[in-house]
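Trainee: The primary structure of each chain is shown beneath.
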Amino acid sequence: MSEDGLLFAAPQAEEGDEWEGVAAPAKPDDDSALYLELEGWEGPLDLLLDLARRQKVDLRQISILALVDQYLSFIDRAGALRLELAADYLVMAAWLAYLKSALLLPREEQEDPSPEDLALRLQLRLQRLGAMREAAARLMGRDRIGRDIFLRGCPEGLRIDRKTQWKCDNYALIQAYGQVKARTAPRIYHVFDRPVMTLESALDRVSAMLGVTLDWMDLRDFLPPHAEPRLRKSALASSFVAALELARLGRAEIAQEEIFGAMRLRRIVK
Amino acid sequence: MSSETPGEVLRALEATLFASEEPMSIEALAGHLGGLENAIVREAVVELQIHYSDRGVHLVERGKRWHFETAPDLAHLLRREREQVRRLSRAATEVLAIVAYHEPVSRAEIESIRGVQTAKGTLDVLMEAGWIKLAGRREVPGRPVIYATTQEFLDHFGLSSRRDLPGIDELRAAGLLDPVDDAFEALHEEADAAEADGGEPADEIGESSEAGESRG
Amino acid sequence: MSSETPGEVLRALEATLFASEEPMSIEALAGHLGGLENAIVREAVVELQIHYSDRGVHLVERGKRWHFETAPDLAHLLRREREQVRRLSRAATEVLAIVAYHEPVSRAEIESIRGVQTAKGTLDVLMEAGWIKLAGRREVPGRPVIYATTQEFLDHFGLSSRRDLPGIDELRAAGLLDPVDDAFEALHEEADAAEADGGEPADEIGESSEAGESRG
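Protein chains in written order, with my numbering: chain C, 1 to 270; chain X, 271 to 486; chain B, 487 to 702.
Be aware that one or more of the hints could be misleading.
To be verified - Using 30 Å as the maximum straight-line C-alpha spacing, the simulated DSSO-like pairs for lysine-lysine come out as follows:
(1) Lys167/C to Lys606/B
(2) Lys403/X to Lys334/X
(3) Lys167/C to Lys181/C
(4) Lys619/B to Lys606/B
(5) Lys550/B to Lys163/C
(6) Lys390/X to Lys403/X
(7) Lys619/B to Lys163/C
(8) Lys606/B to Lys163/C
(9) Lys181/C to Lys550/B
(10) Lys167/C to Lys550/B
In case anyone wonders, no lab produced these hints; they're calculated from the structure. Quick caveat: nothing in here was measured; it's all calculated off a predicted structure.
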């Protein structure tokens, strides 16, 4: 169901009192058309609700069956008027026709959910929609601003100008200048010499020492014996790379028993 | 009422409320008047309200905000030829009422009450008018957007709060704000209870009486 | 001063004048109120004027037209100034110090001393604070604007003259010329912030209002 398809085109006829509210006056420029205006009409539940109202009784007391009869007769009549019925009206009509037949059937043959339940749900729904429709009317009928009640026509308006009071003290000022000066003052950098063993000297040293023996030698045996710790570190790194290089050249082989274990080196005799 | 010279707080409040383009809360008033205590402002506002109660202009509270407006009984004099009030379609008025009485409410819930699909445009119109707003999402599968009414809605329809909505207490008491499913189940439980009591099924509940009639 | 219930004419007038978007003449008011006699309206308007004479809103006549307006002594309520105290950002403090020590200086000179680009906003803040002022232009190519400190600056910092500012030697003696760790950190923060912004190195720390302008 949708709100579309609410304009019904049909010959202007039988604007019967029964359906007033359904049929709005035809547009003057097209007297062959009957408009079911949006002002009043929306969809099947609306129509049902209006039918319920027309019985001028409490929704809880009305007979759904009678309501269904009236709805279906409206659809029939609309058909007779060659009204182009909106699809949702027809869907509703089919559903109500089913409901009606179910209500007329003997109770035992009824399925679940029972037509009574369906009808009750329909009634509850109509009640709620009716309540909301009435509430809407009361709401719209209230004294409304711009229609019944007016606000000041030309309020001066309130403005708040924010002004900033900046805060800074003497010390912060002088400190800031000191920092600028300190930051931008020329700076002298000292670069300290560090004892290093280059890769070249390590290569020379390792290959020379390998030439002396055919036994496995620990890598650490290649390091200068009494060097200071920093030179030792550098020598270890260089010697390791030198060992890899010799192995690559096929002049030495490397063995290590376990991870982090001692690395041993041996000359390959060609 | 107070014919004596009004106090300075009263005068300042009067001027501020007259000049403001929007309704103002007690807090906003207190802030604007240089940090007066809320209690003092509240008291003064009420005094001002009383002063204006029999005049052509009233001081009213709308959703905890205050503004001056013309007295309702003078509407006939002030009503303007060209209506400034937006004319709403019936669909829109129904949706507005449903949102107001059920808020917060999802579109699916609105549709289940109206029984028809609600065109997207209907909610848009109400949001454009500033009467309803998105109010987050419902934490259920699908996380549908939910809608609620606004401060402007209260202003426009002259409601102090949602409790002022016409007939809302009666509707609630009658269960007419409960979903159909709940009402349906409640009726069934009643009917079952009645049956268990050995009584006849209450005829105003079920459809049996009507179905019976129609068979006759 | 009508302390009794105001008459209907008075109430109607009050509402009409309140709701009107522009001042109204006696004739227009009489017409609006359904063709009352001008004399009656005039009398009522004067009565209304008297009623409001000691309130926060006055009924005033301007060129034979009447309207409500805020009482003149309360006009300050319409435009309030709110002062907020904010700490000068580090960047601004540095710029201020440089101006104070080197004035008059151009922006380019400030930047070369600081070693960082200086946002236009930083100078604006200092001018807004009233601590620096434009001091003409330097007669070099480009004729750059130069800045100097103001009397207000001296007052605020309790200096009788710029010569009261500690000299470089004194700064060094006080340890203020040592490359302080936090000075470096501050620089790093700036650089990081600038990178995060994706912009050029910003020289502002902290003050969000100024950040972003530094790109200009």
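Trainee: All hints, please: hold or fail.
Mentor: Here is how each hint holds up against the structure:
About 19 Å separates the Cα atoms of Lys167/C and Lys606/B, which keeps this hinted pair within 30 Å; it holds. The hinted pair formed by Lys403/X and Lys334/X meets the criterion: a straight-line CA distance of about 18 Å does not exceed 30 Å. Annotation: proposed proximity of Lys167/C to Lys181/C holds, straight-line Cα distance about 23 Å (limit 30 Å). For the hint pairing Lys619/B with Lys606/B, the CA-to-CA distance comes to about 14 Å; that is within 30 Å, so the pair holds.
Distance check on the hinted pair: Lys550/B and Lys163/C sit about 39 Å apart at the alpha-carbon level, beyond 30 Å; violated. With a CA separation close to 14 Å, the supplied pair Lys390/X and Lys403/X stays within the 30 Å bound. Between Lys619/B and Lys163/C the CA atoms are separated by roughly 19 Å; this keeps the pair inside 30 Å, and the hint holds. The hinted pair formed by Lys606/B and Lys163/C meets the criterion: a straight-line CA distance of about 19 Å does not exceed 30 Å.
A hinted pair counts as satisfied when its Cα atoms are at most 30 Å apart, and Lys181/C with Lys550/B does not qualify at roughly 70 Å. The hinted pair formed by Lys167/C and Lys550/B fails the criterion: a straight-line CA distance of about 51 Å is larger than 30 Å.
When held up to the earlier numbered hints, the structure conflicts with 5, 9, 10 and fits the remainder.
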